[in-house]
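A.B. asks: Sequential numbering of the sequence shown, starting at 32, is according to our numbering.
There may be inaccurate statements among the hints.
[Stated by the list, open to error] In silico lysine-lysine, BS3-like type, Cα no more than 25 Å apart, as pairs: (1) 147 x 115; (2) 230 x 167; (3) 147 x 126; (4) 227 x 147.
These are computed hints drawn from the structure, not numbers from a lab.
Computed from a prediction, not measured in an experiment: that's the story for all the values here.
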Amino acid sequence: QEVTLVDIQKPLAFGKEKKTAEALGAKFKWPVSTKEVTADGLIDAADELIPAQTVIVSIGDVPALKFLPDTVEVLTVGGAGWIKTNAACRTSDPKIYAVGDVERPGLATDALGHGKNAAHAIVAEIKGEEWKPFTKQVVNIQNLTPAHYEPETCPGAQTDMHEADRCMSCGTCRDCHLCETICPTGAITREKIGEKDYKYVSDDEKCIACGFCANTCPCGVWLMRPF
Numbered sequence: 032q033e034v035t036l037v038d039i040q041k042p043l044a045f046g047k048e049k050k051t052a053e054a055l056g057a058k059f060k061w062p063v064s065t066k067e068v069t070a071d072g073l074i075d076a077a078d079e080l081i082p083a084q085t086v087i088v089s090i091g092d093v094p095a096l097k098f099l100p101d102t103v104e105v106l107t108v109g110g111a112g113w114i115k116t117n118a119a120c121r122t123s124d125p126k127i128y129a130v131g132d133v134e135r136p137g138l139a140t141d142a143l144g145h146g147k148n149a150a151h152a153i154v155a156e157i158k159g160e161e162w163k164p165f166t167k168q169v170v171n172i173q174n175l176t177p178a179h180y181e182p183e184t185c186p187g188a189q190t191d192m193h194e195a196d197r198c199m200s201c202g203t204c205r206d207c208h209l210c211e212t213i214c215p216t217g218a219i220t221r222e223k224i225g226e227k228d229y230k231y232v233s234d235d236e237k238c239i240a241c242g243f244c245a246n247t248c249p250c251g252v253w254l255m256r257p258f
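Using the sequences plus the hints, can you model the full thing?
C.D. replies: And the structure:
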């Protein structure tokens, strides 16, 4: 028999506790974002199936939603309830929006993004404008590479915004130069845009599709595509 423990972030289990579980057949897998549970097992956000005969939902904290009016639809999963929302984070009650872990388990950056969506939707409604959802491709959490990420406080950071620029879970480039440095053919270069902005570009004539950039980038910015 085999047990696979999946988590959206690195599990808190460590040391003797983790070793004992692994000795009994447990396998730890992260980061995994659950998309759905089927009769065949668990499907993650990358549409990969983790086969299972039984799926147990084990979440330490669940939302307390008893205070909500009956006009807000709540979904019950594994004995816990989450608020059902649309793309704008609006509930079944048009006057109530919900973001963060009351909507679905996730990272702090997920909650920030949902809050921004809700804010834009509210502003659009006040102005009488049509709200359109965020259309840019979201970086898959599976593409994040923490091996080269140093979470310690950056010595050169003078403000919180400097630290925020180093965040790896936002899916934005940290300007760390790792991709540019590791590229064996010099295909990747950094180009300045105006006074402050920049972008990293890949020269198709030099790129040999080795995948070093995608496997090194902490933020999952680079993505390999089949020819």
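A.B. asks: Taking each numbered hint in turn, which are not upheld by the structure, reported in ascending numerical order?
C.D. replies: none
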